[in-house]
Structures are given as C-alpha cells and as structure tokens.
Amino acid sequence: MASKQPENSLLSPESDSQRTLYPYVTGTSVVALKYKDGILMAADMGGSYGSTLRYKSVERMKPIGKHSLLGASGEISDFQEILRYLDELILYDNMWDDGNSLGPKEVHNYLTRVMYNRRNKFNPLWNSLVLGGVKNGQKYLGTVSMIGVNFEDNHVATGFGNHLARPILRQEWHENLSFEDGVRLLEKCMRVLLYRDRSAVNKLQIAKITEDGVTISQPYSLKTYWEFSAFENPAQGAIGSW
Amino acid sequence: MDLDMNVNAPHSMGTTIIGVTYNGGVVLGADSRTSTGMYVANRASDKITQLTDNVYVCRSGSAADSQIVSDYVRYFLHQHTIQLGQPATVKVAANLIRLLSYNNKNMLQTGLIVGGWDKYEGGKIYGIPLGGTLVEQPFAIGGSGSSYLYGFFDQAWKEGMTKEEAEQLVVKAVSLAIARDGASGGVVRTVIINSDGVTRNFYPGDKLQLWHDELEPQNSLLDILNAPSPEPMNI
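Residue numbers (this note's numbering), protein chains in the order written: chain A, 1 to 242; chain B, 1001 to 1235.
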C-alpha cells in the first residue's frame, strides 16, 4: 500500500504527514432546490465500496441545529466526522443561551473554512456537501466541495448530479415551486441518476426544510421504465446484436 | 505479489467474517485461516475476539492491525466499565473501534464487525469497514470471502430468526465462502451472545455439508478400491 511505506522517507512512521489518499465507502449524488416554503433535498441511501454496492441504508442527509439540513456525498466516515464537528458547533451555540442560533449561512461558512483548511494541509475531508436551510423567512442553499469550492444557488447538486440533474433543473426550475412540483422535479432527477449512475441505488429519501423545521421522508423506491419498443430489439436489422 | 495493482481501489482482505442479529441476540461467525502470501500460517486461528463479557469483535484484514485495535479497545472498555459501574454497551464498544479505525485510517488495514448484547438495546451488530465508517446493520459480512455472500444473504436473510436458524445461516454462509475464497478456510467458529451469556461453537470442515463439485472425504483410495461391489438390482 503506497501510503504505508514511502520509500524515500527518512522520517519515522509517526511523523509521516497524514493525508487521505482515496475514499473507501462512498455516497453518490445529492440534489437540492429552493421551493416556495424552503429547501427540498434528495439523496439515495447507498454506500458503495469501490464498485460493490455494499450498504443500502445509509442516511446521507441530516438536520443541523434548528435551521439547517446537510447532505453529503463522498467518503461516509468523513461525513460522520463532519457531523461530530457540527454537533460541537451547535452545542457551543446553544450554550450561549442568548436566543440566537446559527443559521444555514453561518453553518455553510463554517463548513467552507473546515474543508478549505483541510485541503491546504493536503488532508481533505473527502466529501461534497450541500447545505440548505431557512431562517427568518430567508431561504439559503449552498454547496462546498472537498477542495473548498463553495457557492450558493437556487439549485445545487454533487457528483453525477452536476452533469445529469442540473441541466434538468436549469430548464424546469422556477421561483415559488409548490411542494408537489418540487418533489416531482427532484424525483425526475433521481430517476435519471438511477438509470445512468452506476453507483446509484434504488432507495432514496427526500428531505424538506422550512421555517417550521426539518422533515426527512421514509426510505422509498422509484419505478423505472424499460418498456420502449426500441429497447426490445435495439439491433433490428443489424448483423450481430449491436 | 502484484505491486502495481491499482492502490486506489478498495479491496477486501483474507477471511470471511459474519455477524447476524436474531430474535434475542447476535451470532458471530468466522473462518480460521491466516495466510502470509500463499502460505497458510495458521489453519485454526480464532478471529472472534472478546472485548468484554457481552461484546465480541470479528477481525479481518491485517492480523497485526486487528489485534492491536482489539487490545486497545479491550483496555479502554475495561476502564470504562469500572467507571460506569455496569457492563459497557455494544454501541460504546463499536464507537471506540471506529475512533481508532478512523483516526488511523492511513495506517490501518482492518475491517471489523462488532457484535454483542446489552440490556438497553438487546442484540446489535455494527460494521466498521476500511476507512472507519460505522454502520449499524441487522447483519454484516466482511473479509475477502464476503464477496461471495452478498447474493446469498440477499436471498436467505430473514428478519426475526430464531437462535438455531441464525446460527445455521452463519455456518452455511462461512462454509460457502470457504468453498470459493482461497483466503478463507479451516473451521467455522461461531459465538452466540444473548441475555443468558455467551456460547462458543466449533464446526470442523468435515462436519459441514458438501457443496458443488466437492466429494465425500475418504481415508484412502484403497478403501474405495476394496469396497464391496454393489449388489445386482432385482426387478
């Protein structure tokens, strides 16, 4: 294993600089959009181990404090560690007991600093994060990558979602989507991801955050469509089946 | 050894380990082969290691790494039990394993399955693969032999099995993995943990059922040659 024995190092193992070289158990895309009452976010429940779809009940979206919802793709162990950092952040925030609470914008900023500083030390948390929330009527939706790239938008996605879901959202998203329309739009995106992303798993959750709080749906599966006549005989007339 | 294999691909390591919950507790199972390269260094190892009276861990991957992690966690749990004044919970044991696995992820190469019984949550199984992710599961499989068991468990696993059903499932599964995985072999060991305590069982290779293309073991060819010829049939 390359990380265990660097041949050119004269240093003892304890003073080797720690660096994450590659992820082990990973989650795939997260997709999120702003709608009339807040944010809707969707992620499947898969934890892949290389090419094996090893874990199928991993919750990749979690509420943070009173006003935020965090979704993550990438290394699950690093996501679990980020949740611990955020637990501490929220705890200290509550301990002030001053009636104020960290909003989504603040949590997003904290995560950006954490991710960027780890990147500068060549020891990244191998995740792409989506942070959404509502505070005092203001909707917020942002994203941070493992190298610290961060921005906010009306709809965001990680991984494959950037390539497959964002184009759909660019066409069909509009201000003040109803809850039903938002869910249907997310499901449209998740279905495409299920068809076209090898690491997608057909068990997903959709989470909603509004001024009133966070709701994460029960896990469920999407129907898929295979009965196209072109699928039945794709190589009609050709020699060989291609 | 292939030194130029793609180091970026996660890979499983020699062994088959399993942890299964049932109606009342857990059953842990493992094979007994420890290999160094192609040589079997120990054909009767015990990969199911005690952490406390009520929590055990199945070890896979580097023998050294899994042993040192077990030793540290046993030590921490011992102190924790004294401070707490009562048996440690399975969750605490699993989280201690996770802490060591995660914080030393660059150096360790071990996948572990923690299983046990406590009075608060009953029987619980936690999987801690490479990287230090902690996943609570109704059943967990690990090690290189587990590749051959994903399909088997998808089909054979049922919620709410009895202790006997669960143990039979574990023994069958380890046996199937041994049949196909070169890095797994030897005997099948199981450990059953519930409110009544802990039971260790041992299934030597010749007590397991035969799978496809496997033959009944014989003492010698001579026994076959000298066997009485079959009786002629009577219509």
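What the hints contain is simulated information worked out from the structure, not anything from laboratory work.
Quick reminder that beta carbons are idealized off the backbone N, C-alpha and C, glycines included.
Don't take every hint at face value.
Residues on chain B that point at chain A, a partial pick, calculated with CB under 8 Å [claimed, not checked]:
| # | residue |
| --- | --- |
| 1 | ILE1068 |
| 2 | TYR1072 |
| 3 | LEU1099 |
| 4 | ASN1106 |
| 5 | PRO1129 |
| 6 | LEU1130 |
| 7 | GLY1131 |
| 8 | GLY1132 |
| 9 | THR1133 |
To list a few chain A residues with every Cβ distance to chain B over 12 Å, as calculated [to be verified]:
| # | residue |
| --- | --- |
| 10 | GLY47 |
| 11 | GLU88 |
| 12 | SER178 |
| 13 | GLU211 |
| 14 | ILE239 |
A short list of chain A residues far from chain B (calculated; beta carbon distances all over 10 Å) [as the list claims (entries may be wrong)]:
| # | residue |
| --- | --- |
| 15 | LEU21 |
| 16 | TYR24 |
| 17 | SER57 |
| 18 | VAL58 |
| 19 | GLN80 |
| 20 | GLU81 |
| 21 | ILE90 |
| 22 | ASP97 |
| 23 | SER145 |
| 24 | PRO167 |
| 25 | ARG184 |
| 26 | LYS188 |
| 27 | PHE228 |
| 28 | ALA230 |
So, going through the hints one by one against the coordinates:
This hint is violated: ILE1068 of chain B has a C-beta 13 Å from the nearest C-beta of chain A, more than the 8 Å allowed. Annotation: interface hint on TYR1072 of chain B violated; nearest CB of chain A at approximately 16 Å, more than 8 Å. For LEU1099 of chain B, the interface hint is violated, the least distance from its beta-carbon to any beta-carbon of chain A being 10 Å, above 8 Å. At its closest, the beta carbon of ASN1106 of chain B sits 5 Å from a beta carbon of chain A; the interface hint therefore holds under the 8 Å criterion.
For the restraint placing PRO1129 of chain B at the interface with chain A, the shortest Cβ-Cβ distance is roughly 6 Å, inside the 8 Å limit, so the hint holds. With a least beta-carbon distance of about 5 Å to chain A, the hint placing LEU1130 of chain B at the interface is held under the 8 Å criterion. Look at GLY1131 of chain B: its Cβ gets to within about 3 Å of chain A, closer than 8 Å, so that hint holds up. Hint on GLY1132 of chain B holds. Least Cβ distance to chain A is approximately 4 Å, under the 8 Å limit.
Taking 8 Å as the C-beta cut-off, the interface hint given for THR1133 of chain B holds, the closest approach to chain A being about 4 Å. Distance to chain B contradicts GLY47 of chain A as a non-interface residue, since its nearest Cβ pair spans about 7 Å, not more than 12 Å. Every Cβ of chain B is farther than 12 Å from the Cβ of GLU88 of chain A; the closest lies at roughly 15 Å, confirming the non-interface assignment. With a closest Cβ-Cβ approach of about 36 Å to chain B, SER178 of chain A is found to remain outside the 12 Å limit, as its non-interface label requires.
The claim that GLU211 of chain A lies off the interface holds: its Cβ sits roughly 32 Å from the closest Cβ of chain B, which is beyond the 12 Å cut-off. Listed as a non-interface residue, ILE239 of chain A keeps its Cβ farther than 12 Å from every Cβ of chain B; the least gap is roughly 35 Å. Its beta-carbon lying about 8 Å from the closest one in chain B, LEU21 of chain A breaks the requirement of being farther than 10 Å from that chain. Consistency note on TYR24 of chain A: stated as away from chain B, yet its beta-carbon is not over 10 Å from all of that chain's, at 3 Å minimum.
Taking the minimum C-beta to C-beta distance to chain B, about 8 Å, the non-interface status of SER57 of chain A is violated against the 10 Å cut. Its closest Cβ contact with chain B, about 7 Å, brings VAL58 of chain A to no more than 10 Å, contrary to its assignment away from the interface. Not every beta carbon of chain B lies more than 10 Å from that of GLN80 of chain A, the smallest distance being close to 6 Å; the non-interface claim is violated. Not every CB of chain B lies more than 10 Å from the CB of GLU81 of chain A, the least distance being 7 Å, so the non-interface label is violated.
Remark: the non-interface label on ILE90 of chain A is consistent with the geometry, its nearest Cβ contact in chain B lying 19 Å away (cut-off 10 Å). With a cut of 10 Å on Cβ distances, ASP97 of chain A stays outside the contact zone with chain B, its closest approach being about 29 Å. Taking the minimum C-beta to C-beta distance to chain B, about 19 Å, the non-interface status of SER145 of chain A holds against the 10 Å cut. With a least beta-carbon separation of about 29 Å from chain B, PRO167 of chain A lies farther than 10 Å from that chain, consistent with its non-interface assignment.
With a minimum CB-CB distance of about 31 Å to chain B, ARG184 of chain A clears the 10 Å threshold, and the non-interface call stands. Remark: the non-interface label on LYS188 of chain A is consistent with the geometry, its nearest Cβ contact in chain B lying 29 Å away (cut-off 10 Å). Every CB of chain B lies more than 10 Å from the CB of PHE228 of chain A, the least distance being 28 Å, so the non-interface label holds. The Cβ of ALA230 of chain A sits about 31 Å from the closest Cβ of chain B, beyond the 10 Å cut-off, so the non-interface label holds.
Comparing the model with each numbered hint stated earlier shows that hints 1, 2, 3, 10, 15, 16, 17, 18, 19 and 20 do not hold.
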